[in-house]
Structures are given as C-alpha cells and as structure tokens.
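In order, the protein sequences belong to chains A and B. FYI, in our numbering the residues of the first sequence are 1486 to 1595. FYI, in our numbering the residues of the second sequence are 8 to 173.
Hints listed in this document are in silico derivations from the structure and should not be mistaken for laboratory results. Just so you know, not all the hints are guaranteed correct.
[Stated by the list, open to error] Listed next, with one range per pair, are the computed distances between beta-carbon atoms:
| hint | chain 1 | residue 1 | chain 2 | residue 2 | range |
| --- | --- | --- | --- | --- | --- |
| 1 | A | G1545 | B | A101 | 51 to 59 Å |
| 2 | B | A72 | A | R1592 | 30 to 38 Å |
| 3 | A | V1526 | B | S156 | 19 to 27 Å |
| 4 | A | M1577 | B | Q12 | 46 to 54 Å |
| 5 | A | V1526 | B | K118 | 43 to 51 Å |
[As the list claims (entries may be wrong)] One-sided and incomplete, this derived list gives chain B residues near chain A with beta-carbon spacing under 7 Å:
| hint | residue |
| --- | --- |
| 6 | S48 |
| 7 | A115 |
| 8 | A116 |
| 9 | L117 |
| 10 | N119 |
[As the list claims (entries may be wrong)] Here are some, though not all, of the chain A residues that point toward chain B, as calculated from beta-carbon distances under 10 Å:
| hint | residue |
| --- | --- |
| 11 | L1496 |
| 12 | F1533 |
| 13 | A1565 |
| 14 | M1577 |
All values derive from a computational prediction rather than experimental measurement. Every residue, glycine too, gets a C-beta built ideally from N, C-alpha and C.
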Amino acid sequence: MPINYYIFLSLALFCIGITGVLVRRNAIIIFMCIELMLNAVNLLLVAFSKMHTAAATAAGQANVGADGQLFVFFIMVVAAAEVSVGLAIIVMMYRNIHSVDVNFLNRLKH
Amino acid sequence: MSITQILFWLLSVIAIFSALMVVSSKNPVYSVLWLILTFFSISGHYILLNAQFLAIVNIIVYAGAIMVLFLFVIMLMNLNKETEPQKHKWLRMAGAIAGGALLLVLVAALKNVDIKNQEALVNEGNVGLIKNLGRELFTTYVVPFEISSILFLSAMVGTIVIGKKE
C-alpha cells in the first residue's frame, strides 16, 4: 500500500480533530477530539514504521522498525494517564460551575 | 483490486465518516459511540499493517478503558441534547473553514514529498508481533518503560486528589 494513502488518511483524521476542537464548546467533546488527533498520529507512526521495514527488508536487514511501534505504545501510555487526570479536572469543574461549557472557563475562575 | 486494498478503503471510509460524526453529533453519548467505532477501524488498520500487538492494545486501552471512562463521566453529569452548549453559527462556520484550510495546506505541502513512491509493508513482516516488540521493549527501552510506570502512579494519585470532595 503506498505510504501516500496513509499520510492523507492521517491528515484527514487530524484535521477533523482540529475542526472539532474549534467548533465544539463541550469540554468532553473537545477532549475526545484530542484523542482522535493522537490516534491519527499513531496510525501514521505505524505506517512509517512498516515503510522502514519494507526498505530494510529489501536491503537484507530483518526486524527494523520496532522503534516506531514502541513509540506508539508509549503515546498510548501517556494518553491513558492524560485522560484520567483530564476527566478528573472536568468532573471537578462540573462540580463547581455545573456546566462543561468551555466559554465559562475563559477567566480560569468562577 | 485485491482484498487488502478493499479492506483498506473500507476501513478508511468508516474511520473518516465516524470521525465526522464524532464532531457533528449533538448528543455527547453518540459522540462517544462513534469515537469507539473510529478506534475499532484504526485497530483494523493496525491489523492490516501486521501490527497485532498495537491493534490489541488499542482496543483494550482506548475502546475499552478510556471510552468507558468517558461514557461514565458523561452519564455521571447527565449531559444530553438539551443542555449541550452551542457555538454561534458564524463561529462554527469559521472553525470548519479553518480546519478545512489546514487540511488543504497540509495536503498541498505533502503531495509531492520524496517518499511518495515508497510502500508501507502490508500483510507481512513480523516487526509488530509481540515477540519482537517485547524483546525490544525490555532491552533498549527498559528505562522509559519504568518511567512510564511512575507516570501512571503519579497520574493515579493526581486523579484521586483532584476528584476527591473536600
């Protein structure tokens, strides 16, 4: 599969995520769009890792490209930690101002 | 057209369509469900690229743990269509135009890159199998792995401290 297709697929997903962050006001949806952008980057990293595998197999080396996939693994680890802390912050914000609208948060106080 | 190509296009269409539905759904619960579909189609892409370990981790961590957490928080807050905050029409349009313009610029910039004739190895190669990745993880990347466990511990403590009622 040409690497171009993967680049454009990831770009489309990433830009949909950015559009979601710009368009929506619900803090949880914005958070979900950030997850979408992280996943687009992950997909592109895996595709590039397999691209390097293809190039190295042609040159006679085996098992090149594990770095990219491990990087994706670490991104997933960081994303899981980020989601737990972020959702805790959103729950605390909802408890204080009874809303998840980001426009109420633009002064960082209530 | 081989079966791999058909699967690639099918998964891509599902991924992009459900991503669009995540952004455009009025009800947050539907957004979460569409996002789960997006993650499943991205996992399908990983399987197609023969990265089985990441496909399984993606399903377990994202579609399993993270989305359950999102759904749980949304249901805890009792959000629905009526309480959903809406931006002004012009602001929404400006956001959509800005996102589309970014897509246009990036596609135009990456249309003629040097690597465009390279192929991503689909359906073969054993780099993504758990044996190779595990060996690499516990030899070369053992220090970042241990640091990430400390990150998890601090995230857990932080979550409990933030979420606790005073």
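Interface hint for M1577/A, Cβ within 10 Å of any Cβ on chain B: Holds, because the Cβ-Cβ distance from M1577/A to chain B comes to roughly 6 Å (cut-off 10 Å).
Chain B contact restraint for L1496/A - C-beta distance below 10 Å: holds (5 Å)
Interface hint compliance - F1533/A to chain B, C-beta minimum distance less than 10 Å: holds (8 Å)
Satisfaction of the hinted span 43 to 51 Å by the C-beta atoms belonging to V1526/A and K118/B: For V1526/A and K118/B the Cβ distance comes to about 20 Å; the hint is violated.
Chain A contact restraint on N119/B - CB to CB distance below 7 Å: violated (10 Å)
Proposed interface contact between A1565/A and chain B, which counts if any beta carbon pair is under 10 Å: Holds. Min distance 6 Å.
Restraint outcome when A115/B is required to lie within 7 Å of chain A by C-beta distance: violated (11 Å)
Cβ distance range 30 to 38 Å for A72/B and R1592/A, holds or violated: holds (33 Å)
V1526/A versus S156/B beta-carbon gap, inside 19 to 27 Å or not: holds (23 Å)
Proposed interface contact between L117/B and chain A, which counts if any beta carbon pair is under 7 Å: Holds, about 6 Å.
Distance restraint hint 46 to 54 Å, applied to the beta-carbon atoms of M1577/A and Q12/B: This hint holds: roughly 48 Å between Cβ atoms.
S48/B as chain A interface residue, shortest Cβ-Cβ below 7 Å: violated (10 Å)
In summary, the structure is inconsistent with hints 5, 6, 7, 8, 10 from the numbered list given earlier, while agreeing with the others.
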